[in-house]
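Engineer: If you read the sequence shown in my numbering, its first letter stands for residue 140, the second for the next number, and so on.
The set of hints was computed from the structure by calculation and includes no laboratory data.
The model shown is predicted, which means the values in this text are computed figures rather than measured ones.
Here are the computed lysine-lysine pairs in the BS3-like style, where the Cα-Cα straight-line distance is at most 27 Å: (1) Lys288 - Lys234; (2) Lys222 - Lys250; (3) Lys248 - Lys288; (4) Lys234 - Lys176; (5) Lys222 - Lys235; (6) Lys288 - Lys229; (7) Lys235 - Lys176; (8) Lys222 - Lys288; (9) Lys222 - Lys176; (10) Lys248 - Lys222; (11) Lys288 - Lys235; (12) Lys250 - Lys288; (13) Lys176 - Lys229; (14) Lys176 - Lys288.
Label-pair restraints from in silico Cβ distances: (15) Asn209 - Ser290: 19 to 25 Å; (16) Gly298 - Ala238: 38 to 44 Å; (17) Leu228 - Arg285: 23 to 29 Å.
Quick reminder that beta carbons are idealized off the backbone N, C-alpha and C, glycines included.
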Amino acid sequence: MRKLLAVLIFLLSFLFFIPKAILAAGEFSTDVAVEYKVEETGTTLVTHTITIENLFSNLYATSYTLALDNIEPQNVRVFEGAKNLNFNLKTDGSKKSIAIEFPDAMVGKGKTRTFSVLFEESDFAVRTGEVWEISIPRLSADETFRSYKVSLSIPNSFGNEAYVSPSPM
Numbered sequence: 140m141r142k143l144l145a146v147l148i149f150l151l152s153f154l155f156f157i158p159k160a161i162l163a164a165g166e167f168s169t170d171v172a173v174e175y176k177v178e179e180t181g182t183t184l185v186t187h188t189i190t191i192e193n194l195f196s197n198l199y200a201t202s203y204t205l206a207l208d209n210i211e212p213q214n215v216r217v218f219e220g221a222k223n224l225n226f227n228l229k230t231d232g233s234k235k236s237i238a239i240e241f242p243d244a245m246v247g248k249g250k251t252r253t254f255s256v257l258f259e260e261s262d263f264a265v266r267t268g269e270v271w272e273i274s275i276p277r278l279s280a281d282e283t284f285r286s287y288k289v290s291l292s293i294p295n296s297f298g299n300e301a302y303v304s305p306s307p308m
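Based on the sequences and whatever the hints tell you, model everything.
Structural biologist: Below, the structure written as structure tokens:
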């Protein structure tokens, strides 16, 4: 009996270590479109357009956190439509996060909230001699989205690509 109780307590203790995103995964569907627009100077304008859909009638999202690893976002802006949203930029070593608080409730199954996170990043495009090397971050393995789309725009003056990985779809 003691062994069973110890095993049960041990297993239940793991519930406290499950990330919030995993716990909320069944409560909301998330669609993300990310646009990377490289300027002539090499600075990249990044736009995350995020849509969260309620899957239950009695729940709604109060906040969203965009986690960035080895990215130094500059001039961060967050808005929903024409309305600016409050956010906190947090740093933990090489990890940054943009925590967004929603000012109102979108209650109801099927209700959606679409908002955008914009920032500039100067390390995605690096010029080596006459060659521009452009690297955009990969999606971490544990991210779960209903859809995730990426677009990359570069100036014509950069010329044709020499190598692309992974291959565009």
